[in-house]
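Undergrad: Listed here are the chains, written in short residue letters.
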Amino acid sequence: MSDTGQGALPIAVRNVTKTYGDVFALNDVSLDVKSGEFLTLLGPSGSGKTTLLMVLAGFTRPDSGSLKFGEDEMIRTAPHLRDVGMVFQNYALFPHMSVAANVGYPLKLRKTPKDEMDRRVEAALETVQLGGYGERGITQLSGGQKQRVALARSIVFAPRILLMDEPLSALDKKLRDRMQIELRHLHEKLGMTTVYVTHDQREALTMSDRIAVVNHGRIMQLATPQELYEQPANRFVADFIGDSTFLDVTRSGSALGAAGTNLKTTRHVPDGEGLSLMMRPERLHLITGKPAKDENVFEARVTELVYQGESYLLYAHLKDGTEVAVRGAMRAGTFDALPKQGDTVQLGLGVDDTVLLAGEEA
Amino acid sequence: MNWFSRPASETQVTHGQRLWLYIFAGVTMTLLVVPTLIVIPMSFSDSQYLEFPPEEWSLRWYHNYFGSPEWMGATATSFKAAILTTIVATPIGVLAAYGLHASKIPFIRATFVLLITPMMVPVVLIAIGAFYAYVKLQILYTMTGLVLAHSLLAIPLVVIVIGSALKSYDMNQENAARSLGAPRWKAFMTITLPQIRFAVVTSALLAFLTSFDEVIVAMFISGGENSTLTRNMFNALRDQIDPTIAAISTIMVLVTTGLMIVAQVFGTDKSQK
Ligand SMILES: Nc1ncnc2c1ncn2[C@@H]1O[C@H](COP(=O)(O)OP(=O)(O)OP(=O)(O)O)[C@@H](O)[C@H]1O
Ligand SMILES: [Mg+2]
Numbered sequence: 001m002s003d004t005g006q007g008a009l010p011i012a013v014r015n016v017t018k019t020y021g022d023v024f025a026l027n028d029v030s031l032d033v034k035s036g037e038f039l040t041l042l043g044p045s046g047s048g049k050t051t052l053l054m055v056l057a058g059f060t061r062p063d064s065g066s067l068k069f070g071e072d073e074m075i076r077t078a079p080h081l082r083d084v085g086m087v088f089q090n091y092a093l094f095p096h097m098s099v100a101a102n103v104g105y106p107l108k109l110r111k112t113p114k115d116e117m118d119r120r121v122e123a124a125l126e127t128v129q130l131g132g133y134g135e136r137g138i139t140q141l142s143g144g145q146k147q148r149v150a151l152a153r154s155i156v157f158a159p160r161i162l163l164m165d166e167p168l169s170a171l172d173k174k175l176r177d178r179m180q181i182e183l184r185h186l187h188e189k190l191g192m193t194t195v196y197v198t199h200d201q202r203e204a205l206t207m208s209d210r211i212a213v214v215n216h217g218r219i220m221q222l223a224t225p226q227e228l229y230e231q232p233a234n235r236f237v238a239d240f241i242g243d244s245t246f247l248d249v250t251r252s253g254s255a256l257g258a259a260g261t262n263l264k265t266t267r268h269v270p271d272g273e274g275l276s277l278m279m280r281p282e283r284l285h286l287i288t289g290k291p292a293k294d295e296n297v298f299e300a301r302v303t304e305l306v307y308q309g310e311s312y313l314l315y316a317h318l319k320d321g322t323e324v325a326v327r328g329a330m331r332a333g334t335f336d337a338l339p340k341q342g343d344t345v346q347l348g349l350g351v352d353d354t355v356l357l358a359g360e361e362a
Numbered sequence: 001m002n003w004f005s006r007p008a009s010e011t012q013v014t015h016g017q018r019l020w021l022y023i024f025a026g027v028t029m030t031l032l033v034v035p036t037l038i039v040i041p042m043s044f045s046d047s048q049y050l051e052f053p054p055e056e057w058s059l060r061w062y063h064n065y066f067g068s069p070e071w072m073g074a075t076a077t078s079f080k081a082a083i084l085t086t087i088v089a090t091p092i093g094v095l096a097a098y099g100l101h102a103s104k105i106p107f108i109r110a111t112f113v114l115l116i117t118p119m120m121v122p123v124v125l126i127a128i129g130a131f132y133a134y135v136k137l138q139i140l141y142t143m144t145g146l147v148l149a150h151s152l153l154a155i156p157l158v159v160i161v162i163g164s165a166l167k168s169y170d171m172n173q174e175n176a177a178r179s180l181g182a183p184r185w186k187a188f189m190t191i192t193l194p195q196i197r198f199a200v201v202t203s204a205l206l207a208f209l210t211s212f213d214e215v216i217v218a219m220f221i222s223g224g225e226n227s228t229l230t231r232n233m234f235n236a237l238r239d240q241i242d243p244t245i246a247a248i249s250t251i252m253v254l255v256t257t258g259l260m261i262v263a264q265v266f267g268t269d270k271s272q273k
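Residue numbers (this note's numbering), protein chains in the order written: chain C, 1 to 362; chain X, 1 to 273.
These aren't lab readings, by the way, just hints derived from the structure by calculation. Some hints could be false.
The list that follows gives simulated cross-link-like pairs (lysine to any residue, SDA-like), each with its CA atoms no further than 20 Å apart [stated by the list, open to error]: (1) C:K146 / X:Y169; (2) C:K146 / X:N172; (3) X:K167 / C:Q89; (4) C:K111 / X:Q12; (5) C:K319 / C:P291; (6) X:K186 / C:V23; (7) X:K186 / X:H101.
Make the full structure from the sequences, and use the hints.
TA: Right under this line is the structure:
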């Protein structure tokens with residue numbers, strides 16, 4: 001849309017705390033969202049994602065802290081003066097109005113002339129691929145269409161900040177996948193600073209410029225999807241993103257070991273006690289011939305083999321009794337050639353994939 | 001296939017199997033309605049006394065009613081009181097219900113009980129209390145006093161009707177409106193109110209009827225030129241059994257049912273089905 005001329009705004013959250021009774025919904029949160037960035041808040045249920053979004057939108061006043069949009073302090077600004085587009089988890093469309101009236105609502109409040117309003121409403125509907133749906137009633141729409149109307153309504157007035165609270169959670173997987181890509185394209189096109197909430201890690205990895213992993217009202221790590229996946233800051237993040245198994249690492253001098261194997265790694269080795277080794281199923285592999293030089297080798301006994309179509313999943317017990325999973329791609333004949341339950345195998349983990357995590361809460 | 005063996009609904013139950021239900025419902029409805037309807041033929045009687053069934057028919061009691069300045073004055077008072085009560089009780093009740101619903105403070109929510117006490121206290125007590133208070137305030141036998149007392153009785157009804165309508169209303173819509181640029185009052189007026197309008201209409205009619213049908217409080221605090229219709233009817237019944245009462249009752253039944261039909265037509269949300 002040509003109307004998005006005002007440019008996006010950066011958001012600065014500083015030391016925001018919000019308690020409900022003795023629950024810390026937000027615990028001293030500081031966060032910078034760059035202008036035009038797509039940032040995702042990712043975390044388990046009850047971690048404080050919605051609370052943070054509500055603080056940004058102005059519906060929740062934090063106990064302490066500061067919030068700036070650009071240069072302006074916002075903490076005392078009423079929601080309707082914040083110029084923030086918001087998509088609610090359940091869409092919150094107005095069922096007594098048509099699609100066009102819903103989308104036109106923010107423009108009407110801004111006293112936009114009738115013909116300009118019609119034009120912008122239609123343009124917003126086109127953007128979400130609902131051109132010509134203006135006269136429909138809200139109850140006549142499917143879940144995905146409702147979601148898109150909610151989106152059109154939140155972007156039509158060209159807000160400089162867009163907030164979305166799990167907007168795709170009510171959709172089936174196919175539609176969700178498509179909407180993820182559409183949302184991403186839309187963001188590229190409109191360029192508004194976007195804060196997106198989800199508890200679906202795949203969604204977060206797919207869509208975001210950066211992800212803030214939230215737990216118990218704190219930000220555990222703020223990083224790009226790749227950094228987050230490759231170099232999690234702590235066990236919580238590693239556990240939450242992707243499937244991982246963790247092995248206790250023993251340290252004597254500079255020598256490291258886990259499950260009876262001496263560990264070599266090219267990655268950063270954190271200081272302190274209680275290191276653990278992160279093992280991701282797709283990074284482990286079965287060694288068929290001789291182990292390569294640049295990998296760590298673990299002895300294991302196969303406990304279960306699962307056929308999953310595009311890949312297989314093999315569960316095995318390491319020497320110390322830990323169960324790990326190995327995922328491998330499959331071609332015709334691969335599955336039959338795999339080791340069977342009870343077989344002893346060697347598992348390889350490349351030195352580049354040997355990620356060590358510091359103990360409790362980094 | 002005859003009617004008895006046809007299925008009565010999506011389930012396999014037939015009309016035949018449901019017969020007892022139809023009869024039960026029919027008897028119940030008859031018992032509810034007949035005592036009200038019986039005054040209608042009585043009002044067209046030519047007799048000096050209330051009698052059923054009438055031996056001769058006439059409109060004399062209607063002439064009597066419409067020709068009497070006293071009855072006409074009381075009717076005007078009743079309508080005036082009912083309309084004013086509606087105007088006072090409906091907005092207050094709607095706002096109270098909204099406030100209770102929107103508030104996050106448990107203590108505020110507890111005031112709901114306070115708001116509906118007038119419903120739980122015997123009306124006679126309210127009447128006596130109002131009487132003594134009004135003597136002190138010097139508003140006994142005034143329209144102001146009558147409307148205040150009737151509003152007291154009507155507000156709990158409004159609060160309950162609106163409160164239950166708000167229960168199924170998603171307050172997030174109002175938040176959405178606010179994030180889109182509407183100040184809170186505007187979000188309420190353009191988003192919330194239109195969606196509970198049917199409940200508002202219903203509660204306004206209930207407020208109207210609460211006042212229009214009320215007799216106990218009116219016995220104590222209305223009088224003189226501000227006597228209500230119901231009060232005068234009650235007095236007329238006590239002094240002499242005057243069939244004019246039957247004529248008035250008939251008219252009241254018509255007004256009341258008329259309003260209820262209006263409530264049914266405009267008060268139900270057609271989009272809900
Ligand atoms: N209005 C409230 N009153 C009391 N406690 C609240 C309130 N809102 C949130 N909380 C608490 O604050 C914490 C964070 O809640 P929040 O809604 O932000 O979680 P969330 O990350 O959005 O979770 P979900 O993924 O389930 O939506 C939770 O422990 C919740 O119980
Ligand atoms: Mg939430």
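Undergrad: Which hint numbers doesn't this structure obey?
TA: 4, 6
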